[in-house]
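Please construct the entire structure, taking both the sequences and the accompanying hints into account.
Protein chains: 2
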Amino acid sequence: MILPEPLEVLIEELNKLPSIGKKTAQRLALFLLRSDDEYIAKFITAIGNIKKNIKICTDCYNISTSEVCEICSSNKRDKSIICVVEDISDIIAVEKTNEYNGLYHVLGGVLSPLSGKDVESIRLKELIDRIRNSEVKEILLALNPDTEGETTSLYIAKLLKEFNVKVTRIARGLPVGGNLEFADEATVGRAVLNRITLQ
Amino acid sequence: MILPEPLEVLIEELNKLPSIGKKTAQRLALFLLRSDDEYIAKFITAIGNIKKNIKICTDCYNISTSEVCEICSSNKRDKSIICVVEDISDIIAVEKTNEYNGLYHVLGGVLSPLSGKDVESIRLKELIDRIRNSEVKEILLALNPDTEGETTSLYIAKLLKEFNVKVTRIARGLPVGGNLEFADEATVGRAVLNRITLQ
Chain C
64 MILPEPLEVL
74 IEELNKLPSI
84 GKKTAQRLAL
94 FLLRSDDEYI
104 AKFITAIGNI
114 KKNIKICTDC
124 YNISTSEVCE
134 ICSSNKRDKS
144 IICVVEDISD
154 IIAVEKTNEY
164 NGLYHVLGGV
174 LSPLSGKDVE
184 SIRLKELIDR
194 IRNSEVKEIL
204 LALNPDTEGE
214 TTSLYIAKLL
224 KEFNVKVTRI
234 ARGLPVGGNL
244 EFADEATVGR
254 AVLNRITLQ
Chain D
64 MILPEPLEVL
74 IEELNKLPSI
84 GKKTAQRLAL
94 FLLRSDDEYI
104 AKFITAIGNI
114 KKNIKICTDC
124 YNISTSEVCE
134 ICSSNKRDKS
144 IICVVEDISD
154 IIAVEKTNEY
164 NGLYHVLGGV
174 LSPLSGKDVE
184 SIRLKELIDR
194 IRNSEVKEIL
204 LALNPDTEGE
214 TTSLYIAKLL
224 KEFNVKVTRI
234 ARGLPVGGNL
244 EFADEATVGR
254 AVLNRITLQ
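Protein chains in written order, with this note's numbering: chain C, 64 to 262; chain D, 64 to 262.
Source of the hints: derived by calculation from the structure; they are not laboratory data. What you are looking at is a predicted structure, and each value in this text was computed from that prediction instead of being measured. Treat the hints with caution; some may be incorrect.
Since the list can't tell identical chains apart, any single copy or any two copies may satisfy a pair.
In silico DSSO-like links for lysine-lysine, alpha-carbon gap of 27 Å or less [unchecked claim]: (1) 118 x 180; (2) 200 x 139; (3) 86 x 115; (4) 79 x 118; (5) 86 x 159; (6) 159 x 85; (7) 105 x 85; (8) 118 x 86; (9) 115 x 85.
Below you can see the structure in the form of structure tokens.
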């Protein structure tokens, strides 16, 4: 059976989402088709609103509804330590542990020659500028414990040698080859507590 | 961390979709946040269009862009046999096998006292009207091989005793307790070929 064209189009769009295969996309499309108009309207508005109302923090590149995110603007946070993460979802993972009270820096990627991510395309220059212009005493590297993450951690550690900052890395409580975003809170919390001094 | 409110709202809406848990919803929301405006616009339009442009076939209750679906209006289909399915996704599953060339009838559910689905809330009256007003010779029951599906099949078989139609059921090639929508094409195809006469 050739499906009605509007449904085919929606399945195709859903299929582009991460972890959504062809069959799940079809299931979601049929669910949306059966949903009432109120839900559809709310859903469409919710998608439209994230683009309209969410900004990127000018300091740490976290997401926020204001120019500077609530972590950077809070006076309860320890501004002498910056936790470097690959992505916004990693901030969420670390925040959930309640083991960390410093600031963040979102790199927006890790060094990966195969995916075309080089030194220029992740926010390393911005990190160095922050170190230069603030009283940061420690940089905590919280990248995924896989090849790209490890390489990037070592690269950053080397890069920061000339600055007067302690460079630490979250502990190997995380299973090697795993993914920070999906690790459980206890594991991520343990990893933050057991961070190891690199230099 | 409290996420920006527009993102929380979207995660909540995505979480309502079938088979999308909290973590997947968060992942999808962050993916959408990072997507370019063009994709977001296409996605929103695609969702809006299914409601606007897809109709329910007046004969078999399949989905279609016209009043009568392409299966019912095709003169290549065998109009002497109607395959009774629970849902539109089951039509897709049977059509994919290329083993069936008749018409369909979408019940829109199966008898399930626990979920409040009784004889009145599935399209049984409509099925009987179709049998009365056409030259149907065979009703092929293709409901899921679980308790509700089996009960509904037996109920329909009993209901159709007074009509001059053969009632068949797709073969138990399907794993019992499984789900028609997710069965592989070979299994569903075998089940259509091996249908068993009930009366």
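Structure-based check of all given hints:
Taking identical chains as interchangeable, the C-alpha atoms of residue 118 and residue 180 lie at most 27 Å apart only when both belong to the same chain, with a minimum of 23 Å there against 47 Å between chains. Taking the closest pair of Cα atoms, residue 200 and residue 139 come within 27 Å of each other only inside a single copy of the chain (17 Å); across copies the shortest separation is 77 Å, beyond that limit. For the homomeric pair residue 86 and residue 115, the shortest alpha-carbon distance between copies (23 Å) is at most 27 Å, but the shortest distance inside one copy (31 Å) is not. For a Cα distance limit of 27 Å, the shortest separation of residue 79 from residue 118 qualifies both inside one copy, at 24 Å, and across copies, at 25 Å.
Taking CA atoms no more than 27 Å apart as the test, residue 86 paired with residue 159 passes between copies only; the shortest distance there is 13 Å, against 32 Å inside one copy. Taking the shortest Cα distances, residue 159 and residue 85 sit within 27 Å of each other only across copies (14 Å), while inside one copy they are farther apart (32 Å). Proximity of residue 105 to residue 85 under the C-alpha cut-off of 27 Å is found in both arrangements, the shortest distances being 25 Å within a copy and 18 Å between copies. For the identical chains of this complex, residue 118 and residue 86 are inter-copy neighbours only, at 22 Å across copies versus 34 Å inside a copy, given an alpha-carbon limit of 27 Å.
With identical chains, the CA atoms of residue 115 and residue 85 are at most 27 Å apart between copies only, with a shortest distance of 23 Å across copies and 29 Å within one.
Comparing the model with each earlier hint shows no violations; every hint is respected.
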